[in-house]
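Participant: The residues making up each chain are set out below.
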Amino acid sequence: MTDASDEPSAGRTTEPSADPAATGDDDQSVEDLRRQVEAKYDFEDFSEADMAEISPEEWDVAFDADTWITGDELLERVERELKTRIAYREVFAMLEYAVVDGRRSLVAYSDTDYAIIFPDGTVEGRGTVVRDVKPTVALCSMESYDVEEPPADWHLPEPADLAGEHSELGNWMLQLLAIAQLVIGVVAIGIWLVQGIQSQLVLGVVGVVLVVISLVLFLMVANARLSDRFRTEAYESRLRTIGSGDRPSFLPIDDEAFERDAPPRNRSPLEE
Amino acid sequence: MSSSGSTYGDIHRYEPARESTAAAIAIVLLTFVQIIFVSLFVYGLSANWGVAGLDAGVGNTLLGFLLSAIFLNLGFILLLYRKEFLPDVMIVKKRRRKWEDLYVRESDVEGQSLAGDAGAWDTIKRAIYPYYKR
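Residue numbers (UniProt numbering), protein chains in the order written: chain U, 1 to 272; chain A, 1 to 134.
Derived by calculation from the structure, the hints in this document are not laboratory data.
In this text, a Cβ means the ideal position worked out from N, Cα and C, and glycines have one as well.
Heads up, a few of these hints could be off.
[What the hints assert, rightly or not] As a list, the in silico DSBU-like pairs of lysine-lysine whose alpha-carbon atoms are at most 35 Å apart: (1) 83/A - 134/U; (2) 83/A - 98/A; (3) 94/A - 83/A; (4) 93/A - 83/A; (5) 93/A - 134/U; (6) 40/U - 134/U; (7) 134/U - 98/A; (8) 134/U - 94/A.
[As the list claims (entries may be wrong)] Over the 12 Å line for every Cβ pair with chain A, so calculated as not near, a few chain U residues: (9) 73; (10) 97; (11) 143; (12) 148; (13) 152; (14) 247.
For reference, chain U alone in the conformation it holds in the complex:
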């Protein structure tokens, strides 16, 4: 993964230096080295052993910057891809453009971590967002990868939308089933005691099993309800933090560097 994002920057080493004579010499030796490298390694079948053997200089020479998409086109592709992934809720992040170190870069941040994607394909940042973004950048820098078109409403959901109605039908049905089985189980145990403990032994066992199943069902529903409440709360607070109108303080970028004055509320960012 890191390989792919490092490669575009590696391509810059072949940029000409200021002295024309030296440049000519450099070009010559680079050409020579490139020919050697191509004779030495089979790039169609490049294995782990080759990777261990190849030196950084050889790697730089063999790297062809034109085979990778970089620059603004890369950022645009990454933006579209990330929007799609945010729409599918695979990535939890906000997207904005900012000028970092004099370069226009894409910044993805959530409430706890961030990633800065530079036009040359390097990714900086920390946490989950970086892990989510890195493969995206690698894919988007490949010509053969088709970026999916994001849906119009790709944003993270509004915190208010979450509290929407959701029926309790499933929970009620499971509780109904649990009550019914509990009653039937108790009845079965009663019949077993009345009709004869030895002759109706199976009935007693069935009763106990039914009671156990009903308790398990009750437990399941209780757990689902409780964890659902906490999870909704946690997710809502996360969404509220990210859309509160302030950029998180851990971002190493000044507010002036961003292309927009205020951080976008969920409905507005990057909408041209």
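Position chain A against the provided structure of chain U, taking the given hints into account.
Facilitator: Using the frame of chain U, we list chain A on its own:
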């Protein structure tokens, strides 16, 4: 959101339950069928259906069918419940090292061929005779 600096346990995705109409109808029907089956099974046991001498053994088959139907039905109810009536939640977890992270090399992904470089017969010789030429 976590306060300790770690993001483990943060909720990455929360999609409310789908609760389609078909699933709602299905889970209601299955629940009632389940209750009927369970009560029938208990009634059958208490009425001695399972004792072969009384009815040529047909009752035993019926009880067996009921028992299996009860469990199958319960399985489908739980399946529907989990799929349609619980939210789709994804939380941040730590990925633990797996066996393949530690012991499988990239070059061995395809496994190793039995024949090797020198052919299958050579491999067998090497396996049965430890001092065979290296």
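Participant: Against the 35 Å threshold, does the CA-CA distance of residue 134/U and residue 94/A hold or violate the hint?
Facilitator: holds (18 Å)
Participant: Straight-line Cα separation of residue 40/U and residue 134/U no greater than 35 Å?
Facilitator: With Cα atoms ~31 Å apart, residue 40/U and residue 134/U stay inside 35 Å; holds.
Participant: Measure nothing beyond the straight line between the CA atoms of residue 83/A and residue 134/U; if it is 35 Å or shorter, mark the hint as holding.
Facilitator: holds (31 Å)
Participant: So is residue 247/U really clear of chain A, every C-beta pair being over 12 Å apart?
Facilitator: The claim holds: residue 247/U sits with its nearest Cβ about 16 Å from chain A, beyond 12 Å.
Participant: Mind checking the alpha carbons of residue 93/A and residue 134/U for me, to see if they're no more than 35 Å apart?
Facilitator: holds (18 Å)
Participant: Quick check for students: does the CB of residue 152/U sit more than 12 Å from each CB in chain A?
Facilitator: About 19 Å separates residue 152/U from the closest Cβ of chain A, which puts it past 12 Å; holds.
Participant: Does the no-contact call for residue 97/U survive, Cβ to all of chain A over 12 Å?
Facilitator: Holds, because the least Cβ-Cβ distance between residue 97/U and chain A comes to about 24 Å, which exceeds 12 Å.
Participant: Between residue 94/A and residue 83/A, is the straight-line Cα distance small enough, at 35 Å or below?
Facilitator: holds (25 Å)
Participant: Can we trust that residue 148/U is non-interface, i.e. its beta-carbon lies farther than 12 Å from all of chain A?
Facilitator: Non-interface label stands for residue 148/U: nearest chain A Cβ at 18 Å, farther than 12 Å.
Participant: Can the restraint linking residue 134/U and residue 98/A be considered satisfied, given a maximum Cα separation of 35 Å?
Facilitator: holds (22 Å)
Participant: Decide if the proposed pair is consistent with the structure: residue 93/A and residue 83/A, CA atoms, cutoff 35 Å inclusive.
Facilitator: holds (22 Å)
Participant: If you draw a straight line from the CA of residue 83/A to the CA of residue 98/A, is it 35 Å or shorter?
Facilitator: holds (28 Å)
Comparing the model with each numbered hint stated earlier shows that all of them hold.
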